[in-house]
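Visitor: Read off the chains here:
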Amino acid sequence: ETGVTQSPTHLIKTRGQQVTLRCSSQSGHNTVSWYQQALGQGPQFIFQYYREEENGRGNFPPRFSGLQFPNYSSELNVNALELDDSALYLCASSSLNRGPGTEAFFGQGTRLTVV
Amino acid sequence: EDKVVQSPLSLVVHEGDTVTLNCSYEVTNFRSLLWYKQEKKAPTFLFMLTSSGIEKKSGRLSSILDKKELFSILNITATQTGDSAVYLCAVDNGGSNYKLTFGKGTLLTVNP
Numbered sequence: 528e529t530g531v532t533q534s535p536t537h538l539i540k541t542r543g544q545q546v547t548l549r550c551s552s553q554s555g556h557n558t559v560s561w562y563q564q565a566l567g568q569g570p571q572f573i574f575q576y577y578r579e580e581e582n583g584r585g586n587f588p589p590r591f592s593g594l595q596f597p598n599y600s601s602e603l604n605v606n607a608l609e610l611d612d613s614a615l616y617l618c619a620s621s622s623l624n625r626g627p628g629t630e631a632f633f634g635q636g637t638r639l640t641v642v
Numbered sequence: 026e027d028k029v030v031q032s033p034l035s036l037v038v039h040e041g042d043t044v045t046l047n048c049s050y051e052v053t054n055f056r057s058l059l060w061y062k063q064e065k066k067a068p069t070f071l072f073m074l075t076s077s078g079i080e081k082k083s084g085r086l087s088s089i090l091d092k093k094e095l096f097s098i099l100n101i102t103a104t105q106t107g108d109s110a111v112y113l114c115a116v117d118n119g120g121s122n123y124k125l126t127f128g129k130g131t132l133l134t135v136n137p
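Keeping their order, the protein sequence lines are chains Y and S. Residue numbers 528 to 642, in our numbering, belong to the letters of the first sequence in order. Residue numbers 26 to 137, in our numbering, belong to the letters of the second sequence in order.
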């Protein structure tokens, strides 16, 4: 158990709809990152939140947006859903530092299916 | 663009075999390389490597990093059916944020 929890675990949405996914980070961690994992692929970085602000973004369009709250929990919002958005969405919790490196701990993920 | 390549993409072995999984990378900066095991959904952390030549061990698993040749290997000895999973390699590019670039993973199947 990593202490990172995501909700919901599964979700089915229709093309064009909007969706909100939620993540509670591990205690003591101030950074949350979101990843999209398509079937048979490695996770791809969507964006990261640190101290309630976006702190880096991958190659995802603006319809992917997020929030981080004072308790370090986070939301991922996706507007105008497309079929290709069907994937496992993973939240990763870490403590941002500039040392030699730090581990990221992942939640169980939300399986999103767009029909 | 940062790139992580894992090989093989899939592997089938028998219980008791030893396996070696490979990960090569090209990144603009390097801070660390991480290995994860993914069985159903959540990738679970195995190792973080930052220095060349220092082996990390945990039970039957071990890993080492070569920063000159830009690769890492993950060894699993005396494999068990419970080792069946996707093994993911990721690199932290050391930027101002903490972004991991992942490979596609190696699907390991251990048959009894």
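Hints in this document: simulated from the structure, not taken from any laboratory. Among the hints, a few may not be true.
[Stated by the list, open to error] In silico DSBU-like cross-links for lysine-lysine, where the CA-CA straight-line distance does not exceed 30 angstroms:
{"#": "1", "chain 1": "S", "residue 1": "81", "chain 2": "S", "residue 2": "66"}
{"#": "2", "chain 1": "S", "residue 1": "66", "chain 2": "S", "residue 2": "129"}
{"#": "3", "chain 1": "S", "residue 1": "66", "chain 2": "Y", "residue 2": "540"}
{"#": "4", "chain 1": "S", "residue 1": "92", "chain 2": "S", "residue 2": "28"}
{"#": "5", "chain 1": "Y", "residue 1": "540", "chain 2": "S", "residue 2": "82"}
{"#": "6", "chain 1": "S", "residue 1": "129", "chain 2": "Y", "residue 2": "540"}
{"#": "7", "chain 1": "S", "residue 1": "82", "chain 2": "S", "residue 2": "66"}
{"#": "8", "chain 1": "S", "residue 1": "65", "chain 2": "Y", "residue 2": "540"}
{"#": "9", "chain 1": "S", "residue 1": "92", "chain 2": "S", "residue 2": "82"}
{"#": "10", "chain 1": "S", "residue 1": "28", "chain 2": "S", "residue 2": "66"}
{"#": "11", "chain 1": "S", "residue 1": "81", "chain 2": "S", "residue 2": "92"}
{"#": "12", "chain 1": "S", "residue 1": "28", "chain 2": "S", "residue 2": "82"}
Visitor: Next step is simple, just say for each hint if it's right about the structure.
Guide: Now the hints, each set against the structure:
1. The hinted pair formed by residue 81 (chain S) and residue 66 (chain S) meets the criterion: a straight-line CA distance of about 25 angstroms does not exceed 30 angstroms.
2. Using a Cα cut-off of 30 angstroms, the hinted pair residue 66 (chain S) and residue 129 (chain S) holds, with the two alpha carbons roughly 15 angstroms apart.
3. The straight-line distance between the Cα atoms of residue 66 (chain S) and residue 540 (chain Y) is roughly 20 angstroms, inside the 30 angstroms bound, and the hint therefore holds.
4. In summary, the hint linking residue 92 (chain S) to residue 28 (chain S) is supported, as the alpha carbons are separated by about 15 angstroms, within the 30 angstroms threshold.
5. Taking the CA atoms of residue 540 (chain Y) and residue 82 (chain S), the gap is about 43 angstroms. The hint is violated against a cut of 30 angstroms.
6. Of the pairs offered as hints, the one joining residue 129 (chain S) and residue 540 (chain Y) holds, with about 26 angstroms between alpha carbons and a cut-off of 30 angstroms not exceeded.
7. Distance restraint check for residue 82 (chain S) and residue 66 (chain S): the Cα-Cα separation of roughly 24 angstroms lies within the 30 angstroms cut-off, and the hinted pair is therefore satisfied.
8. The straight-line distance between the Cα atoms of residue 65 (chain S) and residue 540 (chain Y) is roughly 22 angstroms, inside the 30 angstroms bound, and the hint therefore holds.
9. For a cut-off of 30 angstroms, the pair hint linking residue 92 (chain S) to residue 82 (chain S) stands: about 18 angstroms separates their Cα positions.
10. At most 30 angstroms may separate the alpha-carbon atoms for a hinted pair to count; residue 28 (chain S) and residue 66 (chain S) meet this at roughly 23 angstroms.
11. Of the supplied pair hints, the one linking residue 81 (chain S) and residue 92 (chain S) holds, its CA atoms being roughly 15 angstroms apart against a limit of 30 angstroms.
12. Note on residue 28 (chain S) and residue 82 (chain S): the hinted pairing holds, with a Cα-Cα distance of about 26 angstroms set against a maximum of 30 angstroms.
In this structure, only the earlier hint numbered 5 is contradicted, and the remaining ones agree with it.
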